[in-house]
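*Asks:* Listed below, chain by chain, are the residues.
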Amino acid sequence: MIMEIISGKRTNMNGLCGLKKIVGAPVISKDGDEIGKVVEIFFTEHKIAGFVLSHKKGPKVFIGEEYIEKFNEDAVIIKINPITSMIGLTVFDSAGKKIGIVKEVVRQNNSNSFTGIEVKGSVLRKKKTIPKSEIDEIKHTIMLNKEI
Amino acid sequence: MEEDDFSIKKKNITSDDILGKNLLDSEGKLIGVTMALNIDSKTKNILGLTIDRGFMKPNIFVGIDLIKIFGVDSIILNTTLPIKYFNMPVYDINGKFIGKIKIAKFDSKTKEPIMIKVKSGILSSIIIPKKNIKRIDKGAILRKTKQEILLEWKENKKELIEEFMELPLL
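Chains E and S are the protein sequences, given in the same order.
Those letters in the first sequence? Residues 1 to 148, per my numbering, in order.
Those letters in the second sequence? Residues 149 to 318, per my numbering, in order.
Chain S extracted, bound-state conformation:
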């Protein structure tokens, strides 16, 4: 009986074990700090967590199905979130810095980005399709030079904007 009590205590966690903990994605990137538990008032099920991402950043809701483990020191997700692409640096084929990703549109099946909107100047943004992206991880490296990318953007601006607008955010 005592053993059972112990195993229940070990399995059970309280809101104190969740709130205020760091939330990491599956790659170990810090997403933010858990600030609230979301509970369905009718079914009484825990729906997910509200995450405080820090100063000037909007809070996000993370569904309970995305949580891999409620760890001792942090909560770890079983996936990465699309926000990992936000502000990611983009370099051309020669490593020349082009700008930072502001919006990414994803393939609904693979969840891989298929188009990215990059802020390349104070007032200018360009849209880059997947065919021009060589690899994307902690940063994005393109297949072409900055000049080629800008020229392609100039020539196909209308089509790229239309295509980008048609794609859902997720």
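Okay, chain E solo, but in the shape it has when bound:
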């Protein structure tokens, strides 16, 4: 169906991206990992304030526009690896011992930084907080720099 344009500024729709198409688009992190899909878009007057993405693991996350590199109907590329992506990762100490699974990320504010992670080993064990300083690498799993 042909769409009429009523605008004093625009003569065509080239370069525009409809909201309907962005909702459901995959969200790609800085590492090139597809971490979830856009479920909602927030605005402040005429500007996008951020996207809510449904994470593959963990809770829904609001990503502020300052962290968005690019978006269109194909995908949303973000400038960061959201710290919430750590939820569900397996944690190993430096001796290769499995410590548990990340249940929560300890944060001081809403930015993409964290102070530690809460790890749960098994059903009967209590959550253990591991400070950021003890983390060596965060990729497919979390590697610690010390033996626990």
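Source of the hints: derived by calculation from the structure; they are not laboratory data.
Incorrect hints may have been included.
Stated by the list, open to error - Below are the SDA-like pairs computed for lysine to any residue, each with C-alpha atoms no more than 20 Å apart in a straight line:
hint, chain 1, residue 1, chain 2, residue 2
1, S, K286, E, D33
2, S, K286, E, H140
3, S, K216, S, K205
4, S, K177, E, D33
5, S, K267, S, I309
Let chain E serve as the given structure and place chain S on it in line with the hints.
*Replies:* This is chain S only, laid out in the frame that chain E set:
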């Protein structure tokens, strides 16, 4: 004397501590399960491990020099393996999915991929040179749009295939 015995026991591991354990690369990615220890029959040195990567995937041999630690729950490598790029998703500059990496050719010095062959359809594959790759980690993001990449591939197909064929796998 007893202390010495204890320290020897702590340092020594047996094949039971190795076989059946998960092998992780330096990024913590699961490579597979250790299924055999390879020993040089003449020198009696352990050469490496044979890794079972799962259903329909070929086993791989990992040299002993690549092993960082024989851990309690897993064996951890001191590096990543080229197979980490296999089946990695490739997106254009706008995040549009192009395909998955089937073969990667590497720089012999840096061990970074310099050309990738991407399966972009049921029967079609394209070769993408390093200059068009913006970043590559858990996935690859390109510097150009899918249309630009496909056009470049169409125009330079012969040269890209020749260049790709000349490069060694590792």
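*Asks:* Would you mind marking each hint as holding or not holding in the structure?
*Replies:* Taking the hints in turn, this is what the structure says about them:
1. S/K286 x E/D33: 5 Å, holds
2. S/K286 x E/H140: Cα-Cα ~9 Å, so holds.
3. S/K216 x S/K205: 24 Å, violated
4. S/K177 x E/D33: Measuring from Cα to Cα gives roughly 14 Å; hence the hint holds.
5. S/K267 x S/I309: 14 Å, holds
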